[in-house]
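Protein chains: 2
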Amino acid sequence: MTSPFLPPPRMLMGPGPIDADPRVLRAMSGQLIGQFDPQMTACMDQTMALYRQVFCTANQWTFLIDSTSRGAIEASLVSLLEPGDTVLVPSFGRFGHLLTEIASRCGAEVEAIHVPWGSVFDPQQIADAIRTVRPKVVAIVQGDTSTTMLQPLEDIGKICRDAGVLLYCDATASIGGNPLHTDEWQLDVVTVGLQKCLCGPSGSAPITIGERAVEVIEARRHVEAGIRAEYHVNGQGPRIASNYFDLAMIMDYWGPERLNHHTEATSMLYGSLECARILIEEGLDAAISRHALNGQALAEGLLAMNLKLYGTQANRMHNVVGVYIPEGVTGDAVRHSMLHDYGIEIGTAFGPLDGVIWRIGTMGYNARPDAVLKTLACLEQCLLSEKHALTSGAGAAAAKSIYASAAQ
Amino acid sequence: MTSPFLPPPRMLMGPGPIDADPRVLRAMSGQLIGQFDPQMTACMDQTMALYRQVFCTANQWTFLIDSTSRGAIEASLVSLLEPGDTVLVPSFGRFGHLLTEIASRCGAEVEAIHVPWGSVFDPQQIADAIRTVRPKVVAIVQGDTSTTMLQPLEDIGKICRDAGVLLYCDATASIGGNPLHTDEWQLDVVTVGLQKCLCGPSGSAPITIGERAVEVIEARRHVEAGIRAEYHVNGQGPRIASNYFDLAMIMDYWGPERLNHHTEATSMLYGSLECARILIEEGLDAAISRHALNGQALAEGLLAMNLKLYGTQANRMHNVVGVYIPEGVTGDAVRHSMLHDYGIEIGTAFGPLDGVIWRIGTMGYNARPDAVLKTLACLEQCLLSEKHALTSGAGAAAAKSIYASAAQ
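So the protein lines, in turn, are chains Z and X.
Number 8 in the working numbering belongs to position 8 of the first sequence; there are no gaps in the numbering.
Number 565 in the working numbering belongs to position 157 of the second sequence; there are no gaps in the numbering.
Do not rely on the hints blindly, as some may be mistaken.
[Claimed, not checked] Pairwise CB distance ranges, derived in the manner of DEER restraints: (1) X:GLY645 <-> Z:GLY351: 56 to 62 Å; (2) X:GLY663 <-> Z:SER3: 53 to 59 Å; (3) Z:PRO8 <-> X:HIS522: 48 to 54 Å; (4) X:PRO417 <-> Z:HIS336: 43 to 49 Å; (5) X:ASP740 <-> Z:GLU282: 39 to 45 Å; (6) Z:ALA286 <-> X:PHE444: 50 to 56 Å; (7) X:GLU638 <-> Z:ARG258: 49 to 55 Å; (8) X:GLN447 <-> Z:GLY283: 31 to 37 Å.
[Claimed, not checked] According to the in silico footprint, chain X covers these stretches of chain Z (three or more CB under 8 Å from chain X): (9) 28-39; (10) 221-230.
[Said to hold, decoys possible] To list a few chain Z residues with every Cβ distance to chain X over 12 Å, as calculated: (11) CYS56; (12) GLN60; (13) GLU154; (14) GLU184; (15) LEU309; (16) GLY331; (17) GLU345; (18) GLN408.
What the hints contain is simulated information worked out from the structure, not anything from laboratory work.
Glycine included, each C-beta is placed from N, C-alpha and C at the ideal position.
Chain Z extracted, bound-state conformation (with noise of 0.2 Å):
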């Protein structure tokens, strides 16, 4: 017989996954309810009710997709958007590439725009693209993690109601670690996912949608028939081309008329009921100058490494970073040796970057000094192995210096 699956002791300080939260790992232990047990309907309510707050939302329809990140992306574009339809993507790193891509099957016509990897778009930018494209939507990602640069979205939502555009935002790897202000900043459709700074697996993926996104969906409503009951009526839009993501059937399936449509994947539902307690209970701004806070602590450690930074820092997420592989070090060696002999995965990169930077992460679970302080301490071996000059004992005093000020 084979031989059970056991983990190996890893800690994982990349761009993600990271360690999920053992808090979460117990809540996914739970044993499985029904579907429509009032036990089951009222831990997906509470589930609704948290991720609320987790996206700074009053939005009702605010729930999971069951699916990894990228199924929340697709799930979002393919129900707003419609064969023809144009969509605009400001995009400024690998997920932008993806946006294109996920809009691209969904038959609309995509206008991608780019900045230089390592920057982010000013808001105008996308203002005069708007005016050229006229889009039904702008789709854009809110953390890249393939650049580290996180887009400030403050001001793109009031250029988006301003033109009478939807705004989908993909905050998947920013969420918890950044600020994320659904309402304010007035996004209409944002997806994430567990496996970054909320300290969970991938495979289930919050959403958030707000009443104008909701119109363009339910205008799409088209009942299953093998549940469609008289009194339901269809909307006048064309369906939508998915049925596992098609959002009004899965609003349906959360809201009071508790429509049968996919079988909720329970484990994964308990994991992110779990996760967002667990933000919840620490604070939203607590956890982001945790992120923050241990993300200088990184950045300052790797440059007293003599090693260099990728990226316009003041535009990098709080929860990775970019690090140039020096001269005359072999990127992957150091990468192997981390895993293999410290236990510890930091990040390779991709196209352009790949063997240019590492990219090291400190989120969620894994926001923490003892994380930030052992990453440091196993690079300086690795790389005095490699014989990159460095002073022994820079980067961590340097780290600790930035946690010894900020505990005053």
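Chain Z is fixed; fit chain X onto it per the hints.
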């Protein structure tokens, strides 16, 4: 602060989901590891190997879709069917409707044929329909929980093969509790879920894909722009309309190239692996016999309680029994008392059977004599409260005599 969600004590004896095997929940509590950690990829390879045994196949492409079982249906149909293709759906219940629904959202021309609920197709009916409809794909459910019926598939694969038609099968409700021979029966694509006889939670969907289907899918491969390398050659066929459910890309992710796609739902992977280990450890034949025995004991017990069974019993799945709600008994009152007084969930029914039958399951972890006997004992109490005429003790006695005969 909100309190943690603590699932109430329940025993799930409906049509699924059912109680997860505690071994599966324990496996899922393992800590996460990185997506390209060699131990992660080894875990994925081990999962593929075990599910080949579960599906009775040598198909290389046997892996998991990160969604509920419904998502794997969509992944199969959207990857096989191009807009305008014809698909034949022999439908004998609610999940036949679902295949129709999903296929038509793929833009396919759907021709559905029907038999009355409670019966199944004669293979000749399908052969005749293929001759008339000339479909590219036949899509069929093996076990439809809405009617409890199991469609014999032994001959249908050959019929499809001879006609040059691809055969897709949704075996979510049947696998592990009823025979399923992917290769011997010439099934081209089969998808399932964990939440029935496989003893796990919903949220991961095993799939197996044979060579003929792989060819169709590979002709439509279009590697995502964000990760395409120069040596990737796109297929000549039209791009698959979904990114998340693009089987060509998901094969590249599970295959030796390990091309980035979604972030694997690691906890669900651990759970899926353990589900397969449990089944293979018991042995497929032993597990099927166990389901047959417990299903028979349940059915005989119900008959002995002066109840009438639904549908052609010779074609019933081993793992779920439909039983008429007797005259003068309020179906919902019994289900309510079963759940709230006795902590046992039994199932209601869909569409034309709503209020007409209950569906009682004995599957996966709950295909056990104690679970069957507890259910019969408590149901007797509920029926007595509703003044249904029965002989006290007859139900449990009938079930026990089945167990006694089997033990001889």
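Structure-based check of all given hints:
{"no.": "1", "hint": "X:GLY645 <-> Z:GLY351: 56 to 62 Å", "verdict": "violated, 26 Å"}
{"no.": "2", "hint": "X:GLY663 <-> Z:SER3: 53 to 59 Å", "verdict": "violated, 24 Å"}
{"no.": "3", "hint": "Z:PRO8 <-> X:HIS522: 48 to 54 Å", "verdict": "holds, 52 Å"}
{"no.": "4", "hint": "X:PRO417 <-> Z:HIS336: 43 to 49 Å", "verdict": "holds, 48 Å"}
{"no.": "5", "hint": "X:ASP740 <-> Z:GLU282: 39 to 45 Å", "verdict": "holds, 43 Å"}
{"no.": "6", "hint": "Z:ALA286 <-> X:PHE444: 50 to 56 Å", "verdict": "violated, 33 Å"}
{"no.": "7", "hint": "X:GLU638 <-> Z:ARG258: 49 to 55 Å", "verdict": "holds, 50 Å"}
{"no.": "8", "hint": "X:GLN447 <-> Z:GLY283: 31 to 37 Å", "verdict": "holds, 36 Å"}
{"no.": "9", "hint": "28-39", "verdict": "holds (count 10)"}
{"no.": "10", "hint": "221-230", "verdict": "holds (count 4)"}
{"no.": "11", "hint": "CYS56", "verdict": "holds, 17 Å"}
{"no.": "12", "hint": "GLN60", "verdict": "holds, 18 Å"}
{"no.": "13", "hint": "GLU154", "verdict": "holds, 27 Å"}
{"no.": "14", "hint": "GLU184", "verdict": "holds, 23 Å"}
{"no.": "15", "hint": "LEU309", "verdict": "holds, 22 Å"}
{"no.": "16", "hint": "GLY331", "verdict": "holds, 14 Å"}
{"no.": "17", "hint": "GLU345", "verdict": "violated, 4 Å"}
{"no.": "18", "hint": "GLN408", "verdict": "holds, 29 Å"}
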